[in-house]
Amino acid sequence: MTDLRPTRPRTPDRILGLGAAVTSTAALVLALVVAPPDAVQGQAQRLMYVHVPAAWLAYACFATVLVGSVAYLVTRDLRWDRRAQAAGELGVGMTALAIVVGSLWGRPVWGTWWVWDPRLVTTTVLLLVYAGYLSVRGLSDDRGVGARRAAALGIVGFVNVPVVHFSVVWWRTLHQPASVLSPDPAPMDSRMAAALLLAVIAFSLAGWLVLRRRVRQLAHTDEAVGEESSALPAAPDRAPLVVLSRSSP
Amino acid sequence: MSRPDTRPPLPACSPALLTTRRAVSVRTQVLAVLRREWAVERAGREVTVTTIPFVAAFVVLAGLAFGPAPLTLARTSGGTIWLAVLVAGVVIARSVAAAEVAEDSWDVLRALTSPGALFAGKLLATWAALVVTWAVTSVAVALLFDAPPPVTALWAGLFGTLALAAVATVFGVLVATGVRRRGLLSALLLPAGLPALLAGTQLSTPAVPAGPWAVMMAVYAAVLLTASWAVFPALLEE
Amino acid sequence: MTGGSYDPVPEPSRASSLPVLELAGVTRNYGGRPVWTPVDLHLAAATTTVVTGPNGSGKSTLLRLAAGLLRPSTGVRRCAGRALYVRGGSGPRSAQTVSDAVAAVAGLAGCRARTPAALALVGMHGWESRRVGSLSAGERVRIALAVAWATEPAVLCLDEPTAVLDERGVSDLVGVLRVMREAGCATLVATHQPERLLSGADMHLRFEARHLVAAG
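Protein chains in written order, with our numbering: chain A, 1 to 249; chain B, 1001 to 1238; chain C, 2001 to 2216.
Simulated from the structure, these hints should not be mistaken for lab results.
Note that CB positions come from ideal geometry on N, CA and C, so glycine has one too.
Hints should not be assumed to be uniformly reliable.
[As the list claims (entries may be wrong)] Which chain A residues face chain C? A few, computed with CB under 7 Å, are given here:
| no. | residue |
| --- | --- |
| 1 | Thr122 |
| 2 | Pro240 |
| 3 | Leu241 |
| 4 | Val242 |
| 5 | Val243 |
| 6 | Leu244 |
| 7 | Arg246 |
Isolated chain A, as found in the complex (with noise of 0.2 Å):
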């Protein structure tokens, strides 16, 4: 019986928890008593150190998703598989996290929850694709079929998500210019750029160390039903059976 529990911290998930944690104490000293709150947006501003390091990381999931799955279709490695299925899951999770956190944000500042800027839409639109790659997996039981289903969707949604966002680009600059969320011309406070870097730190570190823990825990649970090896030994008589054609059948 295998034991499907993480095993003990290896030496890079140490120094990848470590740089995260003294990251993300940085960050939220920084964000929440350093960072002065915005001129015009006020206290509702320090949302943006949660949301954009989130969004971050899930365009970084997707992108991962991306390569595993490539990679995946051209060796038909297990390990592939698993490394776009946990960065698919991880990019998920970000992505709704983004989009929660933003629309937060959107409420008291422009006074709505939502409005139609490419780049939500093209967010939501993501969150939707890869909400669908996750899915796919359960249409099969057999692990490798649902690997590569699962390939197949992470190409084809990540290839269209450049044309769906200039696509929403151009039908929103039809309708208005796409100001709302257009970088600010004025330059950002350096306590505040500071705080948002080190938020996209450690972000990006924790992701890493989750990813990483994911990874191995999906290849344990291959291992334990057996994906990963042949648990039957070979016949004891290895001699092929020849069929040949019999001369008077």
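Since the structure of chain A is provided, determine the placement of chains B and C on it from the hints.
What follows is chains B and C alone, placed relative to chain A:
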């Protein structure tokens, strides 16, 4: 009857040398898949009787939802056409492989055709179904909404349906060959069809600058066609 | 048999000695476990092999692997030519006529013209204009056999064709298998009623305790 074989092994996936009398070109296979699709549709009219009444009902209900103000109907005409085509695409995608998987003829198709030929044949059949759906919807909207579409709508009709046909073929096979969660098809297809909806709507609306949207639609079709063609063989493996 | 040229019809002696299908150390995992121990199997052209074994022993898996429909979890499959897998009782249920349905599939292999002869071979002459959706399971097996003969596969895998066939159907099946064998096809038949098929078979393979062994 049984003895160890000392002969050199056959090359993996060697061409048919022994009992296969004919080598069938990919072009012939594509035409044969297409011809078979046409024969099945002509005999059962499956797609025709499910899709045409669907889009007709969709257009009438959309008119009731958005109308009767002529200005509103004119503004929503392009969107109505492409929303109808996109949703009908789900119905059409379901017919790509679902029946064949259910009756085991999918195995025969996989065995007798190369993945590329099967993809191309299914794609062309799906494209034809979507083009007909788009044409019927466009005519219905032009009549009922009193909003004749501009010439640029033709471009959208050609490339938008091609892109949708590519994803419908891939997702149709992907979902049909699964053992459960068949309802996922719409959840996969509709988000992927977003650019077709937007570009198609703009190209079907008078007085909208068509240039960028025409390029967008062509790029969208090229991207999805290439990606779908690349991943399709992996979907045929079990 | 080198280069691009080859005899259109195989010479009997050569056809009977060359393996058209080779499974080397092939297994397939289900739920993470291999169905059976690695299988090494060589099928020569113009042979009929009967495969038996209890329910769940992996007969269908072996046939689908042999037909190239399933990817082996371990091992290598080599096949010289086209392989076809047919499950007993399955087949088209569309609104097409018998003749159109067989012709449409045979057309995929470039063998459309063989449709009338194929239908005659399986005893479906005169049934050309019937709709395939209205056929019984046994009649569907005949249609599948007609498709198999028309498309000239190098390897034919028949999965439980006898289960839905009546006495006369089994006799006809034996006749079709003989014709396929004479045409150079290597046929694998999985069945629970091997008695009628064994007389015309070159080999009887059986799954015993997750091993594929030669029976008898």
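So, going through the hints one by one against the coordinates:
Proximity of A:Thr122 to chain C is violated relative to the hint, the smallest CB-CB distance being about 36 Å (cut-off 7 Å). Interface hint status for A:Pro240: upheld, as the beta-carbon distance to the closest one in chain C is roughly 4 Å, under 7 Å. Restraint check, A:Leu241 versus chain C: the minimum CB separation of about 5 Å is within 7 Å; hint holds. A least Cβ separation of about 5 Å between A:Val242 and chain C falls short of the 7 Å threshold, and the interface hint therefore holds.
With a cut of 7 Å, the hint placing A:Val243 at the interface with chain C holds, because the nearest CB-to-CB distance is about 4 Å. Residue-level restraint check for A:Leu244 holds (minimum Cβ-Cβ distance to chain C is 5 Å; threshold 7 Å). For the restraint placing A:Arg246 at the interface with chain C, the shortest Cβ-Cβ distance is roughly 5 Å, inside the 7 Å limit, so the hint holds.
Violated hints amount to a single one, hint 1; each of the other numbered hints is respected by the structure.
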